[in-house]
Amino acid sequence: MRKYAVIYRSVLMENMQYVMNIFMGFISYFMFIFVFIHLWNYMYSSPGELISGYTREQMIWYTMITEMMWFGAGSGTVSRQAAKDIRSGNIAYLMNKPYHYTLYILAKHAGEWSIQLPMYAVLATVMGITMVGSLPDFHAITLLAVIPCIILGITINAVFKLCISLISFWIEDSNPFQWLYDKLLLIVGTIFPIEIFPAQMQPFLKLTPIYTVCYGPAKLIVDFDMGKCVEILVVQIIYLAAGCSLMFFIYGKGGKKLYVNGG
Amino acid sequence: MLTAVKNQVRVCVLSIKYNIMREMLNKVTFLTNICFMALNNAAFIIQWVILFHLKKDIGGYTMKEVMLLWGLAASTFGLACILFDRAFSLPDLIISGKLDAYLVMPKNVLLSVITSSTNTSAIGDFLYGILVMCIFSFSVGRFFLFLLFSAIGAVIITAFALMMGSLSFWFVRAELFGDNMVNCMISFATYPDGIFHGKVRFLLYNIIPVGMAVYQPVHIMMRFDLGSLLTVLGYAILISAAAVFVFYRGLRRYSSSSLMAARM
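Residue numbers (this note's numbering), protein chains in the order written: chain H, 54 to 316; chain X, 28 to 291.
No lab work stands behind these hints: they were computed from the structure.
Small disclaimer: the values here were computed from a predicted structure and weren't measured.
Treat the hints with care, as some may be off.
Per label pair, the in silico range of CB-to-CB distance [claimed, not checked]:
#1 Leu52(X) <-> Leu260(H): 38 to 44 Å
#2 Arg228(X) <-> Ile80(H): 15 to 21 Å
#3 Ser123(X) <-> Val179(H): 32 to 38 Å
#4 Arg280(X) <-> Ala198(H): 52 to 58 Å
#5 Arg250(X) <-> Met69(H): 50 to 56 Å
#6 Phe272(X) <-> Met96(H): 40 to 46 Å
#7 Met184(H) <-> Ala268(X): 36 to 42 Å
#8 Ile213(X) <-> Pro201(H): 33 to 39 Å
#9 Val131(X) <-> Met69(H): 38 to 44 Å
#10 Phe257(H) <-> Asp127(X): 32 to 38 Å
#11 Ile72(X) <-> Met184(H): 27 to 33 Å
For glycine and all other residues, C-beta sits at the position ideal for the given N, C-alpha and C.
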């Protein structure tokens, strides 16, 4: 594990040199949230109205938190870089190093979001308090339970995105599959909480990565419940184990194909 | 003069044609990119079905009008990225000194640059836009207006991207700012303008030109008005002239990186 800690630390130090670049990304986040604040302000006719059990403040905060995770854990390394390494043949030089390529990519990704995510969290908090109002019934102590959920959610997302990137061993461009996965997360879990969908669909949606990647952590922040927190953590651990198994399996199969093709 | 223009147009058309042919070398990837981009856009229909289930009218738009808005936004951005994709990655050429190859060409520098690449997935955007328009609000007149506004919108968006990209001639990290502004334009373009008020509305119709590229054309397609059509056309000419001016002013500051590269 020490070698991955070294990779993590070096990427972290490297990213600290480019903090200004992260600030530039704030513009997109600000605009995106700005649109949603206007949209939800329009959708809620009166201040006390509830939509699928969410007040206006809860709904906007939910979107702000899921988008904070989306922007803060930018997935360029697990999607674009991994796919590019495979397509360009660069992976032939990376896979014979004394580390597992997939874990190397995950360590790099963690080094990136460790800087970005806290910065986006501060931005989200400032925007939320000034433009929406504080979150009702929120207690800072609950963050101790929610932060592990957020970290697990980001890691699960990275593992699944890396699995999709590894498809590049078989097809030239895995980007189209990334788009579909991203849209599934964005529309079903990021923009809306699961409760907004028809009751018949909700059990099915809870089986998808949406529940563990974005809905779970955001739901716990806007409406914390200890039982729900334990349930989400358990599901996240199961998902992470399944996702990692799938990732190692695809990588193992793909690596053999690379050997046949000569890189 | 007319022959020179004709030749220039011919060069641009050939450039775009060869870009597409190059992308078509791998047919599976080419088709996958197009189909999945269309599917990617179609996923947003779910979002609007849910929102219209909550409220029958959103910012003065019905489902049919939102789909027309989405269709026009997709086809406008699609067409811009099919024809002038390089305008969206201009900072990369400026920063890495790759403009040299275009400066020595005997044709117009700006047109040679912006037509030098095509985004395959943008074909999916363009086709999706037309399909959505045909499904949700087809009429012969509206169809031709849709094509006209797709072309005008593509010019407006390209001009805006060109201006943002040209900032890299002057400023460091301007590429990040420019990318963000273009992304903002896309974000705003897919939501009804009726939900924005006051200064934001002014911003959308003047500074970020999404109002003239997408919102106003949708209003015209729903209720035709010649005056508004001419306003959009005039705006497109004005912003294009401004973009050309900014690009050539910036080009004076460009310095080569002595990069040796072959364009094939």
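Evaluated hints:
At about 40 Å, the beta-carbon gap between Leu52(X) and Leu260(H) stays in the expected band of 38 to 44 Å. For the pair Arg228(X) and Ile80(H), the supplied restraint of 15 to 21 Å holds, since their beta-carbon distance comes to about 19 Å. Taken as a hint, the range 32 to 38 Å holds for the pair Ser123(X) and Val179(H), whose Cβ atoms sit roughly 36 Å apart. Here the CB-CB span from Arg280(X) to Ala198(H) is close to 54 Å, well matched to the stated 52 to 58 Å.
In this structure the hint that Arg250(X) and Met69(H) lie 50 to 56 Å apart at CB holds, the actual value being about 54 Å. Evaluation of the 40 to 46 Å hint for Phe272(X) and Met96(H) yields a pass: the beta carbon distance comes to about 42 Å. Between Met184(H) and Ala268(X) the C-beta distance comes to about 37 Å, which sits within the given range of 36 to 42 Å. For Ile213(X) and Pro201(H), the Cβ-Cβ distance of about 34 Å falls inside the hinted range of 33 to 39 Å, so the restraint holds.
Distance hint for Val131(X) and Met69(H): a CB-CB separation of about 41 Å, consistent with the stated range 38 to 44 Å. Between Phe257(H) and Asp127(X) the Cβ separation comes to about 55 Å, which falls outside the hinted range of 32 to 38 Å. The hinted range of 27 to 33 Å is satisfied by Ile72(X) and Met184(H), whose Cβ atoms lie roughly 29 Å apart.
Violated hints amount to a single one, hint 10; each of the other numbered hints is respected by the structure.
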